[in-house]
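> Going down the list, the protein sequences come from chains A and B. Numbered per my numbering, the first sequence spans residues 11 to 372. Numbered per my numbering, the second sequence spans residues 45 to 463.
Calculated directly from the structure, the hints in this document are not laboratory data. Don't be surprised by glycine CBs; every beta carbon is placed ideally from N, CA and C. Some clues are possibly wrong.
[What the hints assert, rightly or not] Which chain B residues face chain A? A few, computed with CB under 10 angstroms, are given here:
no., residue
1, N148
2, V257
3, P261
4, F371
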Amino acid sequence: MGRIRRLTTVLGTSALILGTLTVSVASTTVSASAATKFKACVVTDTGGINDRSFNQSAYAGAKDAAKSDSNIVPSYLSSGSSNDYTPNINTFIGEKCGIIITVGFLMDPATAKAANAHPSQKFAIVDDAPVVKAGTHVEALQYETDQAGFLGGILAAGMSKTGTVATYGGENFSAVTLYENGFVAGVRYYDKTYGKTVKVLGWTPPKTACSLAACPGKGTFVNSFTNATLGKQITLGDYSNGADIVFPVAGSVGLGSVAAAKQDGAGHYVMWVDSNGCISDATDCKYFVGTVAKGVEPSVEAAILSAAKGTFKAGSYVGTLKNDGTGLELGGIKVPSKLKGEIATAKAGIIAGTISVNPNKW
Amino acid sequence: MNDIPARRRSILSLWMTLTSQNPVIVTILALVLGFVVGAFIIIFTTATILDAFRGFFNSWGAPGHALKVTFDNVGAAYRDMFTGSVIDPAGFWHSLTTGKGWDNTLTPISETLTYATPLVIVSIGVGISFQTGLFNIGANGQAVLGGVAGAVIGSMIKLPMFIHLPLTLIAGILGGALAGALPGVLKAYTGAHEVIVTIMENYVIYAFLLYVVLSTPYQQPGQANDIGRTIHASAQLPPLFGVASGLRVSYGIFVAAGVVAFAWWFLERSSLGFDFRVTGASPSAARASGISPRAVIILVFLISGGLAGLAGVVQVASTTHYVDGTFLIGDAGIGFTAITVALLGRNKPIGILWASLLFGALGVGGRAMQAATGIPFDLATVIQSVVVLFVATPVLVKEIFRLRAGRTQALQLGTQGWG
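With the hints as extra help, turn the sequences into a complete structure.
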């Protein structure tokens with residue numbers, strides 16, 4: 011008992027001393043380090059920086075920028091819910107960040123508001139083009155992912171043994187459905203051009219080109235970018251309905267699809283989205299047919315470097331197949347060279363403008 | 045003792061108080077322990093500190109260097125936590141002497157108050173149920189339903205502000221009370237255990253939230269994802285210093301202050317509050333003295349749920365102004381945080397007020413710390429948890445700091461359920 015008493019005394023005393031020292035140091039040290047550094051600050055959406063998808067890519071872009079310019083310090087804050095968007099952005103404005111990257115369409119209002127209130131603050135937003143006042147410094151990073159989705163559709167249709175492929179989305183808004191439109195268009199193009207009858211489950215694009223509000227299109231949506239359990243359920247359902255390749259456009263929810271492919275075993279695959287699955291989730295590479303990639307990482311890096319160098323331009327960047335802002339990456343399973351050739355033909359056609367990625371054209 | 049001069053005697057009695065096991069002292073010491081544990085976590089997870097310690101025996105100067113690196117890093121983390129959540133002394137001095145930049149200077153404290161405002165309201169609701177010996181674990185769901193009800197009233201009808209805003213807040217209270225009534229009635233008439241019912245209720249209400257924000261009448265026009273309409277300006281709790289200031293602290297703090305005052309009066313002065321406390325302390329004594337347990341159970345859940353609903357609607361009306369599929373989900377689930385806040389505040393309104401401010405400051409400060417130093421936000425959560433852990437086990441604090449046994453009654457956490 012005596013020894014325990016002594017031990018607790020020592021512990022308590024050292025705790026007090028350490029506590030006092032910490033507090034006194036805390037109140038005296040002066041911050042000198044970050045003064046001359048250029049801070050590149052990323053506000054992620056609810057997926058967080060380990061979503062194996064576009065939030066992770068955005069932060070990777072910031073880290074890449076730091077690698078090529080040692081004066082850049084990357085930093086991030088994750089949003090737990092939409093209630094965190096504004097405080098996270100405000101915290102970074104308070105930290106005097108050189109540029110703030112907001113990730114995702116859902117951050118549109120919060121980013122626009124902050125940009126209007128702080129016109130000199132540089133922003134870049136992934137997947138969205140907010141409406142802001144003149145004189146603000148916002149670069150909109152957008153990607154024509156229907157072009158890469160089209161190639162993904164061809165790959166999936168060509169690789170499918172069952173003649174059925176499926177897709178589902180995180181939320182029903184254009185940044186997501188653009189992929190799916192392209193994917194469906196690619197499958198339809200493949201069917202028409204090569205006389206096949208591959209079906210797509212999970213997304214029916216709107217019949218006519220009109221605004222999203224008037225004709226939103228019908229499909230399967232998780233209403234989350236984090237709920238992998240739901241992603242697994244949906245994917246298992248797709249597999250049991252005869253699909254053998256599923257294309258989740260839902261960030262980290264797609265990890266649920268990978269889990270479903272593992273569970274159902276041989277012959278069940280996933281088409282990954284945003285960042286090359288064989289790199290961001292390398293251990294699961296053998297389940298990926300390919301990745302419909304979005305060049306978030308290089309475009310975020312470019313935006314940060316331009317801001318650090320002083321060549322930053324407000325406005326918009328559009329990633330296409332032509333400038334490698336979007337593209338198809340192959341996965342861990344072997345693709346016949348004939349199909350590779352067909353994909354290359356389609357890619358050339360899209361870049362040349364002779365092949366339309368509008369699903370209603372096919 | 046008589047020959048000791050009065051002055052010395054008062055100092056002595058102050059010392060006796062400070063070294064005895066009274067609730068305030070225990071809480072403050074728990075906070076100190078929380079920061080000490082946090083400091084060790086920073087030390088063991090920061091590469092630069094570990095590198096400095098790796099060369100501890102390499103040279104005569106190495107130990108001193110290692111300690112300096114440690115204090116620099118830990119100090120920077122806690123300094124950023126403080127300046128990010130309360131005030132930056134340098135900025136305050138600058139504003140005070142030049143009269144400029146008050147917006148930036150007041151932002152940290154404004155953020156802390158913004159975070160704490162709905163938290164104190166929902167925590168008091170939870171605290172009242174705990175004081176009655178009932179576990180309302182469904183405060184989050186009740187807050188969600190309150191927020192949805194308020195947001196629907198706030199966005200779908202148009203009225204002048206002096207009617208619209210109160211109506212919106214009342215809709216929130218009613219929504220929360222409705223969600224609270226369900227487990228209350230089930231408990232009172234069927235004996236269904238309130239913990240199970242309220243936990244499951246959270247999931248049901250979350251599914252209902254998704255249904256509402258995806259349904260045409262309420263869904264934001266022009267969008268197909270899970271987001272509701274933005275509430276009209278006439279139903280919003282405006283920022284205290286105007287929109288132009290950029291400070292988010294809103295008139296909601298007066299609602300919170302009103303709730304604290306009401307709860308204090310209700311529990312300490314009203315006869316119904318007395319019935320509640322007696323029921324919590326001894327259900328059999330309450331029955332014997334003619335208090336109807338059924339009425340108490342239902343009333344407690346109505347009040348607790350109503351306050352949770354008010355917290356939800358205050359959150360919507362003062363910050364986001366819309367409800368979406370992530371409303372009060374995950375880390376943002378103030379109804380779950382409220383359980384720990386109520387425990388920390390010993391279920392007393394004033395205690396809960398301080399506990400909410402502490403949690404607000406740690407949450408906001410943790411964010412600032414991560415932005416400035418890269419030490420993950422989760423450290424703030426660890427500190428919160430450790431503080432609650434030590435407050436819940438006062439014996440541990442008493443032993444570590446060798447406090448005298450308190451003259452005050454043993455710490456009551458009100459955690460015993462109904463027999």
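> Would you pick out the hints that fail for this structure and give their numbers low to high?
3
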